[in-house]
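Here is what each chain is made of, one letter per residue.
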Amino acid sequence: MIAVYRESGVVYLAQTGADTKADAHSSSTNLNPENWLIWKIKGTPHALGASTREIRDADLLRYQTLFRGSLNMTKLHTVIGPRIHQLLGEYKRLDSDGDARSSFVFAKDDQAAFIQYNGAVRMLSDLDASDYLDFLKGFFALHPELPAEKRLIKALQCCMLEKGFLQAPIFVMNTKTTTPYCVKDAL
Amino acid sequence: MSILFAYRLPDGIAYVGHQSSFQFSNHPLALSDYAIAKMNEEITVAATINGSCFEILTSHHEWFRHDPLKPIDGRFIVQSIVNPFYKELDKLKLIKDSQMDTAFFVVWKNSIYLILKSFAVIEAHDFASLGAADQVLFPYLHDGPMLEDAEKFVLRIAKLSSKALCANKGNVFLYRVWNDTFQFDKEDDR
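Residue numbers (our numbering), protein chains in the order written: chain A, 3 to 189; chain B, 571 to 760.
Chain A extracted, bound-state conformation (with noise of 0.2 Å):
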C-alpha cells in the first residue's frame, strides 16, 4: 500500500514495507532503498517513482529516465504511460489484455499521479492511497496537529493495523529532499 499526501509544495509518498519481497528478509536488508519499491527518479530533479505490488516492475523502471521537466496529464499520457507499457510489454510483464501487475506512482515537485493497471492516469488529490483510501482519510484527519510526512505515517500504520497487515516498516521519500527514510517495526 502506498499513501502519497501533498503539502506546501511538497509531494511525500509512505509505503508499507509489507508489500515487499524484503520485508521477507533480514530487517537489514529492507534498509537498503535498492530493495524498495519507491525511488528517486534518475536524471530529474525532485521525482519520485513508486511501483504498487510487484518488485521485478520497480526493477525494469527504477533506473530509467521516465521523464525530464514538470509532471503533467499531457507527459503522462504521451511519454510516461507509453514508456511504461513498452518496457513491461518487453519483458512480457502485461497480462493478455495489457493490464500491467502493478499500478505506478509519479510525483514530482508539488505534482503527482497514479497510472493505474490498465494505463488509466488520474492526477493526485492532497492524500490519496493505492488501496484503503477511506481508512486513510479517517485516520489522517485524527491528527492535525503533526507535521505533514508524521501525520502521514501515522495514518498508514493505523491502516496497517485495522487492515491486518504484518508487523512490517514503512519507506518514506519526499519531493524536496528525496532522502530515503525508513520507519523500523512501525507497528
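One thing to keep in mind: the hints can contain errors.
Restricting the straight-line Cα-Cα distance to at most 20 Å, the calculated cross-link-like pairs of lysine to aspartate or glutamate (EDC-like) are [claimed, not checked]:
{"hint": "1", "chain 1": "A", "residue 1": "94", "chain 2": "B", "residue 2": "671"}
{"hint": "2", "chain 1": "B", "residue 1": "666", "chain 2": "A", "residue 2": "101"}
{"hint": "3", "chain 1": "A", "residue 1": "186", "chain 2": "B", "residue 2": "696"}
{"hint": "4", "chain 1": "A", "residue 1": "42", "chain 2": "B", "residue 2": "693"}
{"hint": "5", "chain 1": "A", "residue 1": "94", "chain 2": "B", "residue 2": "612"}
{"hint": "6", "chain 1": "A", "residue 1": "186", "chain 2": "B", "residue 2": "693"}
{"hint": "7", "chain 1": "B", "residue 1": "663", "chain 2": "B", "residue 2": "696"}
{"hint": "8", "chain 1": "B", "residue 1": "661", "chain 2": "A", "residue 2": "36"}
{"hint": "9", "chain 1": "B", "residue 1": "657", "chain 2": "A", "residue 2": "97"}
{"hint": "10", "chain 1": "A", "residue 1": "42", "chain 2": "B", "residue 2": "643"}
{"hint": "11", "chain 1": "A", "residue 1": "44", "chain 2": "B", "residue 2": "693"}
{"hint": "12", "chain 1": "B", "residue 1": "687", "chain 2": "A", "residue 2": "164"}
{"hint": "13", "chain 1": "B", "residue 1": "657", "chain 2": "A", "residue 2": "92"}
{"hint": "14", "chain 1": "B", "residue 1": "640", "chain 2": "A", "residue 2": "36"}
{"hint": "15", "chain 1": "B", "residue 1": "687", "chain 2": "A", "residue 2": "36"}
{"hint": "16", "chain 1": "A", "residue 1": "94", "chain 2": "B", "residue 2": "696"}
{"hint": "17", "chain 1": "B", "residue 1": "666", "chain 2": "A", "residue 2": "92"}
{"hint": "18", "chain 1": "B", "residue 1": "640", "chain 2": "B", "residue 2": "721"}
Derived DEER-like restraints, expressed as beta-carbon distance ranges [as the list claims (entries may be wrong)]:
{"hint": "19", "chain 1": "A", "residue 1": "164", "chain 2": "B", "residue 2": "669", "range": "31 to 37 Å"}
{"hint": "20", "chain 1": "A", "residue 1": "75", "chain 2": "B", "residue 2": "629", "range": "34 to 40 Å"}
{"hint": "21", "chain 1": "A", "residue 1": "122", "chain 2": "B", "residue 2": "730", "range": "22 to 28 Å"}
{"hint": "22", "chain 1": "A", "residue 1": "183", "chain 2": "B", "residue 2": "645", "range": "17 to 23 Å"}
{"hint": "23", "chain 1": "A", "residue 1": "67", "chain 2": "B", "residue 2": "637", "range": "17 to 23 Å"}
{"hint": "24", "chain 1": "A", "residue 1": "85", "chain 2": "B", "residue 2": "730", "range": "43 to 49 Å"}
{"hint": "25", "chain 1": "A", "residue 1": "127", "chain 2": "B", "residue 2": "645", "range": "29 to 35 Å"}
{"hint": "26", "chain 1": "A", "residue 1": "84", "chain 2": "B", "residue 2": "661", "range": "48 to 54 Å"}
{"hint": "27", "chain 1": "B", "residue 1": "641", "chain 2": "A", "residue 2": "91", "range": "28 to 34 Å"}
{"hint": "28", "chain 1": "A", "residue 1": "135", "chain 2": "B", "residue 2": "754", "range": "54 to 60 Å"}
{"hint": "29", "chain 1": "B", "residue 1": "661", "chain 2": "A", "residue 2": "87", "range": "18 to 24 Å"}
{"hint": "30", "chain 1": "B", "residue 1": "580", "chain 2": "A", "residue 2": "89", "range": "49 to 55 Å"}
{"hint": "31", "chain 1": "B", "residue 1": "749", "chain 2": "A", "residue 2": "183", "range": "36 to 42 Å"}
The set of hints was computed from the structure by calculation and includes no laboratory data. Note that beta-carbon positions come from the ideal geometry of N, C-alpha and C, so glycine has one too.
Could you slot chain B onto chain A? The hints should help.
For chain B alone, coordinates are given in the frame of chain A:
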C-alpha cells in the same frame, strides 16, 4: 536441491547448500556440480537448483563484464545480467508463468544479490536464502555471525533447513567464496 543460502561470515561470504544426489565418499570436483560458477575473478553465481537456467546464465560470461573501477550495483545486476538473461530464456521458452525454475545468488566482493524466480532483484545485507528456507532459518540467522564458530553454526542450520525442506538425508556443504574451499558435513556426522 542445491544452494540454500548465501551467508556473510566473519572472513567473507559463503554459499551453503544441500546435496542429495551424490555420496560424500565420492565428491564431484567441478563447482558446477554444486550449482556454483565463477563468472570472472570477482563474481560468483550460485543457483538453488542445477538445471537449464543455471547452464544458460553461467555460459554467458559477457553479461558479467564490468568496469573494474565502478562498484557493481542493482542497476548492473538488472540491466546487464537479468534483462538479457530473461530474453534468452524467453527465446528458448524456458519461462513458465513468468518464472524461471531456479533462483540465483550473485556474489561480488562482499555484496550478495538474490535474483528471484520472478527475475526480481534483492540486494541482501547479511544473507540471502530461499523463500521457504526463511521460515526455518529466520530465528537463527541474526545471531549467527556473532558466534565464535560461525561455519559450524551455519552448517547446523543448513542441516535443519534441508531436513525440513527436503525430508531426506541432510548432507550439507559450505563453499567459502573468498578462498575457494569447501567444508562438508556428512549425514553420518550428525
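A quick look at each hint next to the structure:
no.	hint	in the structure
1	A:94 <-> B:671	17 Å, holds
2	B:666 <-> A:101	19 Å, holds
3	A:186 <-> B:696	17 Å, holds
4	A:42 <-> B:693	17 Å, holds
5	A:94 <-> B:612	32 Å, violated
6	A:186 <-> B:693	18 Å, holds
7	B:663 <-> B:696	34 Å, violated
8	B:661 <-> A:36	29 Å, violated
9	B:657 <-> A:97	18 Å, holds
10	A:42 <-> B:643	15 Å, holds
11	A:44 <-> B:693	19 Å, holds
12	B:687 <-> A:164	32 Å, violated
13	B:657 <-> A:92	9 Å, holds
14	B:640 <-> A:36	17 Å, holds
15	B:687 <-> A:36	18 Å, holds
16	A:94 <-> B:696	32 Å, violated
17	B:666 <-> A:92	16 Å, holds
18	B:640 <-> B:721	31 Å, violated
19	A:164 <-> B:669: 31 to 37 Å	33 Å, holds
20	A:75 <-> B:629: 34 to 40 Å	47 Å, violated
21	A:122 <-> B:730: 22 to 28 Å	49 Å, violated
22	A:183 <-> B:645: 17 to 23 Å	22 Å, holds
23	A:67 <-> B:637: 17 to 23 Å	20 Å, holds
24	A:85 <-> B:730: 43 to 49 Å	47 Å, holds
25	A:127 <-> B:645: 29 to 35 Å	34 Å, holds
26	A:84 <-> B:661: 48 to 54 Å	25 Å, violated
27	B:641 <-> A:91: 28 to 34 Å	31 Å, holds
28	A:135 <-> B:754: 54 to 60 Å	56 Å, holds
29	B:661 <-> A:87: 18 to 24 Å	22 Å, holds
30	B:580 <-> A:89: 49 to 55 Å	41 Å, violated
31	B:749 <-> A:183: 36 to 42 Å	39 Å, holds
Hints 5, 7, 8, 12, 16, 18, 20, 21, 26, 30 from the list above are not met by this structure, while the remaining hints are.
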